[in-house]
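Chemist: What follows is the residue order along each chain.
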Amino acid sequence: MDDAAKRMADCSEAAERALIDSAWAQFEALVARHRPHPTETRRSFALPGFRVLREIHRGGQGVVYQAIQESTQRKVAIKVLKEGPFADDSELARFDREVEILSRLNHPHIVSMYDRGLIAGHAYYVMDYIPGRSLDAHVAGAALALRDVLGLFHKVCEAVNAAHLRGVIHRDLKPSNIRIDEEGEPHVLDFGLAKLAQDPNPSAEAMTVTGQFVGSLPWASPEQAEGRSELLDVRTDVYSLGVVLYQLLTASFPYPVSGRMNDVVRNIAHTSPARPSTLVRGIDRDVEIILLKCPNGAIKVRANWPAIFKGT
Amino acid sequence: MAAVDPALLNKAVEGDTAALRMLLEHFGGDVRRRISGRIDKRWRASLDEDDVMQVTYLEAFLHVDQLTARDGAAFLTWLTRIAENAIRDAVRGLSRQKRPDPARRLVAPQGVDSYVGLLDCLGVHTATPSREAARRDAAAILESAVAKLPEDYRTAVRLYDLEGRSVADVAARMSRSVGAVHMLRARAHDRLRHDLGAASQFFTG
Numbered sequence: 080m081d082d083a084a085k086r087m088a089d090c091s092e093a094a095e096r097a098l099i100d101s102a103w104a105q106f107e108a109l110v111a112r113h114r115p116h117p118t119e120t121r122r123s124f125a126l127p128g129f130r131v132l133r134e135i136h137r138g139g140q141g142v143v144y145q146a147i148q149e150s151t152q153r154k155v156a157i158k159v160l161k162e163g164p165f166a167d168d169s170e171l172a173r174f175d176r177e178v179e180i181l182s183r184l185n186h187p188h189i190v191s192m193y194d195r196g197l198i199a200g201h202a203y204y205v206m207d208y209i210p211g212r213s214l215d216a217h218v219a220g221a222a223l224a225l226r227d228v229l230g231l232f233h234k235v236c237e238a239v240n241a242a243h244l245r246g247v248i249h250r251d252l253k254p255s256n257i258r259i260d261e262e263g264e265p266h267v268l269d270f271g272l273a274k275l276a277q278d279p280n281p282s283a284e285a286m287t288v289t290g291q292f293v294g295s296l297p298w299a300s301p302e303q304a305e306g307r308s309e310l311l312d313v314r315t316d317v318y319s320l321g322v323v324l325y326q327l328l329t330a331s332f333p334y335p336v337s338g339r340m341n342d343v344v345r346n347i348a349h350t351s352p353a354r355p356s357t358l359v360r361g362i363d364r365d366v367e368i369i370l371l372k373c374p375n376g377a378i379k380v381r382a383n384w385p386a387i388f389k390g391t
Numbered sequence: 048m049a050a051v052d053p054a055l056l057n058k059a060v061e062g063d064t065a066a067l068r069m070l071l072e073h074f075g076g077d078v079r080r081r082i083s084g085r086i087d088k089r090w091r092a093s094l095d096e097d098d099v100m101q102v103t104y105l106e107a108f109l110h111v112d113q114l115t116a117r118d119g120a121a122f123l124t125w126l127t128r129i130a131e132n133a134i135r136d137a138v139r140g141l142s143r144q145k146r147p148d149p150a151r152r153l154v155a156p157q158g159v160d161s162y163v164g165l166l167d168c169l170g171v172h173t174a175t176p177s178r179e180a181a182r183r184d185a186a187a188i189l190e191s192a193v194a195k196l197p198e199d200y201r202t203a204v205r206l207y208d209l210e211g212r213s214v215a216d217v218a219a220r221m222s223r224s225v226g227a228v229h230m231l232r233a234r235a236h237d238r239l240r241h242d243l244g245a246a247s248q249f250f251t252g
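Residue numbers (the numbering used here), protein chains in the order written: chain H, 80 to 391; chain U, 48 to 252.
Source of the hints: derived by calculation from the structure; they are not laboratory data. Don't take each hint at face value.
Unchecked claim - Across the chosen pairs, the derived CB separations fall in these ranges:
| no. | chain 1 | residue 1 | chain 2 | residue 2 | range |
| --- | --- | --- | --- | --- | --- |
| 1 | H | P127 | U | A187 | 19 to 29 Å |
| 2 | H | I368 | U | D216 | 22 to 32 Å |
| 3 | U | S191 | H | L197 | 32 to 42 Å |
| 4 | U | R89 | H | A125 | 53 to 63 Å |
| 5 | U | A219 | H | R153 | 40 to 50 Å |
| 6 | H | L197 | U | A187 | 36 to 46 Å |
| 7 | H | E264 | U | A219 | 38 to 48 Å |
| 8 | U | D242 | H | S169 | 45 to 55 Å |
| 9 | H | S169 | U | D216 | 50 to 60 Å |
Claimed, not checked - Taking lysine-lysine pairs in the DSS-like style, the calculated list, with each CA pair at most 30 Å apart, reads:
| no. | chain 1 | residue 1 | chain 2 | residue 2 |
| --- | --- | --- | --- | --- |
| 10 | U | K195 | H | K161 |
| 11 | H | K234 | H | K372 |
| 12 | H | K154 | U | K195 |
From a predicted model like this one, the values you see are computed outputs, not experimental measurements. The beta carbon of each residue, even a glycine, is placed where N, CA and C say it ideally should be.
With the rest of the complex left out, here is chain H:
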């Protein structure tokens, strides 16, 4: 390389390093600003055979950590019951039920559980780690064509149907509980609110107090929003899937979901969705018919999704 070319190459490398340094400085500043308080650090989790990397989610019941299984170098997620040895019987029973439900499920588009246990009084289970984005972020970011969105959605429906065939109702289906991996494949997550259609443990029904809302309101069926747990069955999930698809195709909800909770519940129960074809172009009549059937207040009207989608 002659001198001029070498100088140019050196300048290019220096310029590239300057860009990396700038990005690095921003990242380091962000980490320094949000470094966990020492008491939070003490709450970090350790499990033999796994190298815990970081906390990735802290919810009402549990904390989820990202980790590497040392024997296989596989990335996993470990969910730990938050209260640890101080968890009461109902919290332990709910966690056990989540584990039992996940252990029944074996489908390429449902997150798999590998192991469970108790360590230092902390109940935990180990599952797939799914890097990637939520379903709605993926669809918006990749600007997918209608056909591709429907193809992706069909896989989600097949996964949910597989759960239903095992007697499992998810009860919290929404875009953030469906992650898309780097290969563009969907994975249904978070069976923390799931129930068994025929629960052998009658006391499990008592976990949901009559009139108590369980789920995520914008995607909840009318019977779910009204806390009528005795009416919840697989069609509850069908309703939620209908709302998710409506949201993916129109970038809006079938009815207003902001405002006072009572108003939202009333909207869910009584407001007819706007026809998707009036909101966006390119939604054909067949898809619109399916779309309007599923977020439908009348339970008996809701269609059998996987079978219908096969024909689309």
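Keeping the supplied structure of chain H fixed, place chain U upon it in accordance with the hints.
Modeler: Just chain U, lined up with the frame of chain H:
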């Protein structure tokens, strides 16, 4: 493409950002060569490769948890995909700017309404006992989430979404191109949606 030490890759996959930095220095030029020419001539006055590469590097640090590459080729693919997504975000923003939606931004949002507007834009919804409480909630929750953004993302969101400035004004204040502002805003929104959990914080029982 020169070979890379597998130990360095393994460290980066485990979340070692110092190792990741070395990999970015090693492969950055290769990614730049791959994206060279991908920016359509229509947009070159508003977006350049330096803008794309800086956002790419920042995104790489922010998403190191998603890195699973075990060899140099896989790492190069991962990094190139980040750069391509950044270009796509910028072009989408620039295209929308050319064809403004008449229903959007007729009036620049003000005060708490700008927070509510941003939440709507992100697709995040609240249901609290009163509309006024919902607006106050939106402001508090967003302030917390915006504070957790990297500096460039935070500035783009504050100036455009919360203060209602034009893209050109934001670009001038940040000493960046218009295309870069679109990219930064798109990445910031992605991050906010993820952190806010698309309404799950507000409703899950």
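Chemist: Hint compliance check: list the failing hint numbers for this structure, sorted ascending.
Modeler: 1, 2, 8
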